[in-house]
Amino acid sequence: MDSLAWLILACPLVTAAAIHLGLKKQQSLAALVSTASAAVTLIFALIILKVDESRTAFDWVTIGKFKIEIGLQLDAFAKGMMIVVTGVGFLVHLFSLAYMKDDKAKARYFCGLSLFMFSMTGIVLASNFIMMFIFWELVGLSSYLLIGHWYEKNSAADAAKKAFLTNRIGDFGYMIGILMLWGIAGSFTFDGIAAYFAGSPETTWILGAAVLCIFAGAMGKSAQAPLHVWLPDAMEGPTPVSALIHAATMVAAGVFMMARLFTTIGIETIDGLWGIETIAWIGGITSLLAALMATQQDDIKKILAYSTLSQLGYMVMAVGLLDPEAGMFHLFTHAWFKALLFLGSGAVIYACHHEQNIWKMGGLKDKMPITTLTFGIGTLALCGFPFFTAGFFSKEQIFEAALQANNWPLFFIAAGVACLTTFYMFRLFFVAFLGKHRSKNADHAKEVGPLMFVPLIILAVMALVVGWNPIARFLAPLHKDFHFHFGWALGASILSLVIGFLLAWKLYLNTEEDPLAKNGIAKIFRNKFYIDEAYAKVVGYGQDFVAAVVHFIDELVIGGLLVGGFSRAAGGIGRLFGRMQSGNLQGYAVLFGLGVILVIYLTVFVS
Amino acid sequence: MASLNDFLFISGLLFAIGLAGVIIRRNIIVIFMSLELMLAAASLTLVAFSRFHVQNGLPDYNGQVFVFFIITVAAAEVAVGLAIIVALYRARQTINVEDLTSMRG
Amino acid sequence: MSIIFVLIPLLAALAIFAGFKARFTALCASTLTLFFGGGCLFCWDHPVWGIAPQILSKPAIHLSLGFFDGMSVVMVLLSVIVLFTATMSGKCPEGKEKLWYGSIMLIGAGALGAFLSTDLFFFYAFHELALIPTFLMIGMLGSGERKEAAWKITIYLAFGSIILLAGLIGLVGASGSESWLFSDLLASSIDPAAQKWIAILLIVGFGVLISLFPFHSWAAPAYAAAPAPVAMLHAGVLKKFGLYGLFRLYPMVAEGMQAWLGLLIVLLLGNILWVGFVTINQKRLDYMLGNSSVMHMGYIFLAFAALISAGSLEANPLALPGAVILMFAHGVSIALLFMLTDTIRRKTGTVELAELGGLAKAAPRLAFLFGLAGMASIGLPGLANFSGEVLVFLSGFHEYKGGALGCVQVATVLALWGVVISAVYMLRAFRQTFQGPAVAATHSDRVKDFGPFCQIPAAILALALLVVGLYPNSLLNLLKGGDSTPSTEPATEAPAE
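So the sequences go chain by chain: A, B and C. Take 1 as the starting number for the first sequence in my numbering and just add one per residue. Take 1 as the starting number for the second sequence in my numbering and just add one per residue. Take 1 as the starting number for the third sequence in my numbering and just add one per residue.
Do not take every clue at face value.
[Stated by the list, open to error] Pairs of lysine-lysine, BS3-like flavour, derived with a Cα cap of 30 Å:
#	chain 1	residue 1	chain 2	residue 2
1	A	Lys440	A	Lys360
2	A	Lys537	C	Lys283
3	A	Lys24	C	Lys361
4	C	Lys361	A	Lys302
5	C	Lys448	A	Lys104
6	C	Lys401	A	Lys153
7	A	Lys67	C	Lys480
8	A	Lys65	C	Lys401
9	C	Lys361	A	Lys65
10	A	Lys67	C	Lys401
11	C	Lys361	A	Lys153
12	A	Lys24	C	Lys347
Quick caveat, the hints were computed from the structure, so don't treat them as lab data. Note that the structure is a prediction, hence the values are computed from the model and not measured.
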């Protein structure tokens, strides 16, 4: 079975290489090859789902006794995550076949997708932190390439750069964390670290600091405040990419990695570690901020992007509350319904001739019934409609986690976010799909073809069923069974749903323009709390100013005074001696005479 | 009879006159003649030392042999030097050292 | 046998000056060295490679060439790869073929000689041999402010070489060894007080050659002005001479170096952070690359600092391999970048970032290769630089066993921030050059993409980056051989590790 696992890893890589080297000209073939490889990896992932846990590795770096391995860890955790990656990945490939049909650089796009599948598989199956870091950066690369797919647009090129750089800042912390953990536990491999902590050694604040450093990596990849700014901009990429990378899988890698870290070190050891509650708070704050921002966006993809941020905040919060199962379960359900929503928005955008403003859509339910239905299911799942949608089960577990940790502030934040989620999702649904057509593009929209709606239907089914215990037990990476009981969690869940829905109903059903547009507070939400502007200032006036000053000093002091001083001194001495070379014969004679006298004086009178 | 000191005084005077000529005069021929004067001063000193340094009733001939060498070398030097001066004059139309500063650094 | 590495380019240079067809001769010679360089990977530890005729008896100097250990092999490999690609790249001005190709061959001979020498004297002399044509080429065939740049690099490097020579003579003198052979020198022991002073001379001397902060201001103007092959050879290969020397001579002055650990850490952080900021502010592609190459030297010094703090090669086994891989990777990636920048200059007529934009549309292959090299130089996994950098960082934390961070660890953490800085300037440059809408200079009517022939050297360099990046053990296995058969005199030479 090990060789099968290696095949899962190799298949997309080989595909990407083949497309890049050989299939640049045959664009449609490239697309088909890439999709086929995604299908193959999905089948492989399903096959290994039920085989025993195993571990296989080869040495990547060997120096004496020291080695870094590239290894595959096939445990339940990784195999479940593989289902998400390859499942959503395959559907997105399928959707892309239609969505990118007319793109001139289709081969490059599919090459990027295959590269992404390779990198993401690497993260999921990694058996040690160095390997995870390697693939961690590679997903960053594929995300960079795919966001910048339409690189001729300035906004896309800038967004790609921003995403990569923000992630780099996170990775800075991640690498420090890995190094510190290596120092403490003496190993990179999850097995090795687990073995070290199994002996329940003394822990100091250093371990807490290491964990927080590693968490910085997750903050970058999972776009947690204050490193969240890249994710909304990343929507510049093609919509299927947003569905796969910036909603379902890559951004969830941070949560996956933290869950991996926590289960490796052991929850008992993590509990009470220095500064560990920061993680939950960052998650909670991110989810609240993002939900508020989402309420006032007009771009359909931006709404979904902020919603993704907010849900990622949930997951991080759950992990930070020392319940990685809840976080991972939400990751798992969220992947399906968020991919559904994004692909649905892709279908809408495609049908409306690349119109993304929801206020210029409207009335799509008559034109695009299948899309509307599936999008509606996705909305319900995201809002956590009780008792049967996937989002309900996982959200419930997060509420439970907050209650378990007795963290009431975070519990109320979570409930408030749930309420906001319902509000902005129904706002989107009412404005875009119900009401009247508000533009010619929306008027001309028609239902998308089967290559697009089949993935939507499959995802809609998944969005409904993956939360159910038997299915979750089979597929989900980390999962504990859900048991109904009446209490705070269920009450908060239903109450927030009702309030959010009623508000959206009241404000947005059959409106022509946003009734909150003039509101001062809403304006702050609309402008994302001005965080992007603040960062632009910091980068513009901070970093670039420092760079300019440093460069100036470098030229002036080191180049000018220090080195220039030496060269001027040398030049001055040279000119001094040069002046003595007057060319005047008699001048030389005088000097010669003086020299002779000096020599005589020294030889005769001195010694 | 003149003492050694008188000879040395005369030769010092000659040398000083020669040196002054070399340093002060601008005409290269005069400088050349002054150089010869300095050589003559040196020769005079050698001869004087030779005469006053008597060993076994004989003067020390080493000094006098030296003088012969100096005279020979000086003759050769005059020949070469004058030739150079002539060539220089042909090239530059001057024998004033102040005008000959092409070696200026 | 290994003298062929020196003789082939040397004879080629002579032949070129004597009037043979310049480009053809140079290509043949560099292909041959590449061939031998590839071949020696498999049999470098065979004694047939070593030669050691004595040139002088007192002091005993030998023209001793051979593979001293795996580090030499890697450096020779780097040299032959870059020499081959440098010969193929760049555009020689009409009528200057003799000087152009002759100089390239001489630089190659010097570089190869320096890395192959197992005698301290020739180690130094070959490097100087390579520098002279470098100066000439920059001054005579360079572009922009070439005269000024040539003077700057000449004076700087001469200054560095003099200090280095003082250090080397001091080293030999203090060791009491009759001969200048590495093996004899490494076997001797030096009084710690003398070590201290030799160490600082070596740090400053080699440091100037490597553009250690604050002796770095020659690098960017010189590389910007230099013709492409010279920039490739100097930044890629010759600059590594200093680092190679430091690591090679380190065991003799291990104790003395410890006194300068703090100073070295400050300087290397100057390289990484200070020069990093300087790089961000560059407005021209070539200056940006020149500064970035200065900056990346800081990482190799970081490995050296980790080594010093550990006290010996055995105490920190990761430092040397990390540094060697990084040297190789940096050499290859910077050579590729300089080559492509020259291509951009020739195709668009400018390297001012403000005048470029959207080049990827007209030249997608160029964009891909530049992107690959740029990503390599900012340490993207899968490409060679990452393998080196991660080992360097690991070597910085090798001594760390939990608890508070020591000074080398703090330096490592700060150096890690340099990874962010380099991403900032590299992505900015890539964005500005290749992405966005096309501008006048880069319009597809004017600019044609790479032809297949021009791609060969770039592809070779890219392949080297990929191979080492995907499987670093391919180079590390070479380094491991250090304790097998030493090359020249198996009986006397001490194993390097």
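- Does the structure keep C:Lys361 and A:Lys302 at a Cα separation of 30 Å or less? Between C:Lys361 and A:Lys302 the Cα gap is close to 28 Å, so the pair holds against 30 Å.
- Message: Hinted pair, alpha-carbon criterion (30 Å max): A:Lys440, A:Lys360. Please report holds or violated.
- Response: Cα-Cα ~8 Å, so holds.
- Can the restraint linking A:Lys537 and C:Lys283 be considered satisfied, given a maximum Cα separation of 30 Å? Holds, at roughly 20 Å.
- With a cut-off of 30 Å on the C-alpha distance, tell me whether A:Lys24 and C:Lys347 pass. This hinted pair holds, its Cα atoms lying about 23 Å apart.
- Hint consistency between C:Lys448 and A:Lys104 [alpha-carbon to alpha-carbon, up to 30 Å]: Status holds; Cα separation ~19 Å.
- Take a quick look at whether A:Lys24 and C:Lys361 sit within 30 Å of each other, Cα to Cα. With Cα atoms ~14 Å apart, A:Lys24 and C:Lys361 stay inside 30 Å; holds.
- Query: Is the Cα-Cα distance between A:Lys65 and C:Lys401 30 Å or less?
  - Reply: Roughly 17 Å between the alpha carbons, so the hint for A:Lys65 and C:Lys401 holds.
- Message: What's the verdict on A:Lys67 and C:Lys480, does the C-alpha distance respect the 30 Å limit or exceed it?
- Response: holds (13 Å)
- Message: For a C-alpha distance cap of 30 Å, please report whether C:Lys361 and A:Lys153 respect it.
- Response: Holds. C:Lys361 to A:Lys153 sits at ~12 Å (cutoff 30 Å).
- Distance restraint between C:Lys361 and A:Lys65, which requires alpha-carbon spacing of 30 Å or less: Between C:Lys361 and A:Lys65 the Cα gap is close to 49 Å, so the pair fails against 30 Å, i.e. violated.
- Query: Does A:Lys67 pair with C:Lys401 here, judged by a C-alpha cut-off of 30 Å?
  - Reply: holds (18 Å)
- Can the restraint linking C:Lys401 and A:Lys153 be considered satisfied, given a maximum Cα separation of 30 Å? Roughly 49 Å separates the two Cα atoms, so the pair is violated.
Checked against the numbered hints given earlier, the structure breaks hints 6, 9 and satisfies all the rest.
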